[in-house]
Amino acid sequence: DAGVTQSPTHLIKTRGQHVTLRCSPISGHKSVSWYQQVLGQGPQFIFQYYEKEERGRGNFPDRFSARQFPNYSSELNVNALLLGDSALYLCASSSRGDEQFFGPGTRLTVL
Amino acid sequence: GENVEQHPSTLSVQEGDSAVIKCTYSDSASNYFPWYKQELGKGPQLIIDIRSNVGEKKDQRIAVTLNKTAKHFSLHITETQPEDSAVYFCAASISNFGNEKLTFGTGTRLTIIP
Numbered sequence: 071d072a073g074v075t076q077s078p079t080h081l082i083k084t085r086g087q088h089v090t091l092r093c094s095p096i097s098g099h100k101s102v103s104w105y106q107q108v109l110g111q112g113p114q115f116i117f118q119y120y121e122k123e124e125r126g127r128g129n130f131p132d133r134f135s136a137r138q139f140p141n142y143s144s145e146l147n148v149n150a151l152l153l154g155d156s157a158l159y160l161c162a163s164s165s166r167g168d169e170q171f172f173g174p175g176t177r178l179t180v181l
Numbered sequence: 015g016e017n018v019e020q021h022p023s024t025l026s027v028q029e030g031d032s033a034v035i036k037c038t039y040s041d042s043a044s045n046y047f048p049w050y051k052q053e054l055g056k057g058p059q060l061i062i063d064i065r066s067n068v069g070e071k072k073d074q075r076i077a078v079t080l081n082k083t084a085k086h087f088s089l090h091i092t093e094t095q096p097e098d099s100a101v102y103f104c105a106a107s108i109s110n111f112g113n114e115k116l117t118f119g120t121g122t123r124l125t126i127i128p
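Keeping their order, the protein sequence lines are chains A and B.
Heads up, the numbering used here is the position in the first sequence plus 70, with the first residue counted as 1.
Heads up, the numbering used here is the position in the second sequence plus 14, with the first residue counted as 1.
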């Protein structure tokens, strides 16, 4: 079975731009979560969606938004990019919520 | 909110020896504790997890122990092999179907010396 897939793999943007990251969960999984991992640190929770509803939000500014589609795939949007937004963005999917399986991530570089 | 502390930050172990990584958590309501292995350039891989109604769980060379009273849980890897070299993260969450936020530790870089 295919695991969690994310696109793109790498992305380079400049300050002030907008970015959209995409995630496809494991087949049958209805919950998708997004995490930000800065180099040398553990992942930090951004959002969790279950059945297309936002179920949790981490301590991130309103520049960060997300949504989940009817096929359970998800998008993470970040507006007005800052240098500090450079990180690995991870998507995780789960069927029962707590067992979360991560994708390979999208490496975002903001110049 | 939950706070997870992880020690040590780096660990070097001779091949064949055992490795132990320790974590503490702050929120007594946390009831799910997974461990992830992250290799360079990859996403975290779930290797083992434990729930608060269990004190110990083992899967081949990997075991996890949980002490709810002390709010402490540990990862034990026996008979270490070079492919065990990676960064390991512990995490904690409150299992609440559809609303589970994982709080991660800061990671342990494990190096297996051949």
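Some hints here could point you the wrong way.
To be verified - Listed below are the simulated DSBU-like cross-link pairs for lysine-lysine, each with C-alpha atoms no more than 35 Å apart in a straight line:
hint, chain 1, residue 1, chain 2, residue 2
1, A, Lys100, A, Lys122
2, B, Lys85, A, Lys122
3, B, Lys71, A, Lys100
4, A, Lys83, B, Lys71
5, B, Lys36, A, Lys100
6, A, Lys83, B, Lys85
7, B, Lys36, B, Lys56
8, B, Lys82, A, Lys83
9, B, Lys82, A, Lys100
10, B, Lys85, B, Lys51
11, B, Lys85, B, Lys72
12, B, Lys72, A, Lys83
13, B, Lys51, B, Lys72
14, B, Lys72, A, Lys100
15, A, Lys122, B, Lys56
16, A, Lys83, A, Lys100
17, B, Lys71, B, Lys51
18, B, Lys82, B, Lys36
What the hints assert, rightly or not - Distance windows between CB atoms, simulated:
hint, chain 1, residue 1, chain 2, residue 2, range
19, B, Gly55, A, Leu181, 32 to 42 Å
20, A, Pro78, B, Arg123, 38 to 48 Å
21, B, Gly55, A, Gln87, 40 to 50 Å
22, B, Lys71, A, Thr84, 40 to 50 Å
23, B, Glu70, A, Thr84, 32 to 42 Å
The hints are simulated quantities; they were obtained by calculation from the structure and are not laboratory data.
Glycine included, C-beta positions come from ideal geometry on N, C-alpha and C.
Status of each hint after checking the structure:
| no. | hint | result |
| --- | --- | --- |
| 1 | A:Lys100 x A:Lys122 | 8 Å, holds |
| 2 | B:Lys85 x A:Lys122 | 34 Å, holds |
| 3 | B:Lys71 x A:Lys100 | 27 Å, holds |
| 4 | A:Lys83 x B:Lys71 | 44 Å, violated |
| 5 | B:Lys36 x A:Lys100 | 32 Å, holds |
| 6 | A:Lys83 x B:Lys85 | 42 Å, violated |
| 7 | B:Lys36 x B:Lys56 | 23 Å, holds |
| 8 | B:Lys82 x A:Lys83 | 45 Å, violated |
| 9 | B:Lys82 x A:Lys100 | 30 Å, holds |
| 10 | B:Lys85 x B:Lys51 | 22 Å, holds |
| 11 | B:Lys85 x B:Lys72 | 19 Å, holds |
| 12 | B:Lys72 x A:Lys83 | 44 Å, violated |
| 13 | B:Lys51 x B:Lys72 | 16 Å, holds |
| 14 | B:Lys72 x A:Lys100 | 28 Å, holds |
| 15 | A:Lys122 x B:Lys56 | 27 Å, holds |
| 16 | A:Lys83 x A:Lys100 | 30 Å, holds |
| 17 | B:Lys71 x B:Lys51 | 17 Å, holds |
| 18 | B:Lys82 x B:Lys36 | 14 Å, holds |
| 19 | B:Gly55 x A:Leu181: 32 to 42 Å | 21 Å, violated |
| 20 | A:Pro78 x B:Arg123: 38 to 48 Å | 27 Å, violated |
| 21 | B:Gly55 x A:Gln87: 40 to 50 Å | 24 Å, violated |
| 22 | B:Lys71 x A:Thr84: 40 to 50 Å | 47 Å, holds |
| 23 | B:Glu70 x A:Thr84: 32 to 42 Å | 51 Å, violated |
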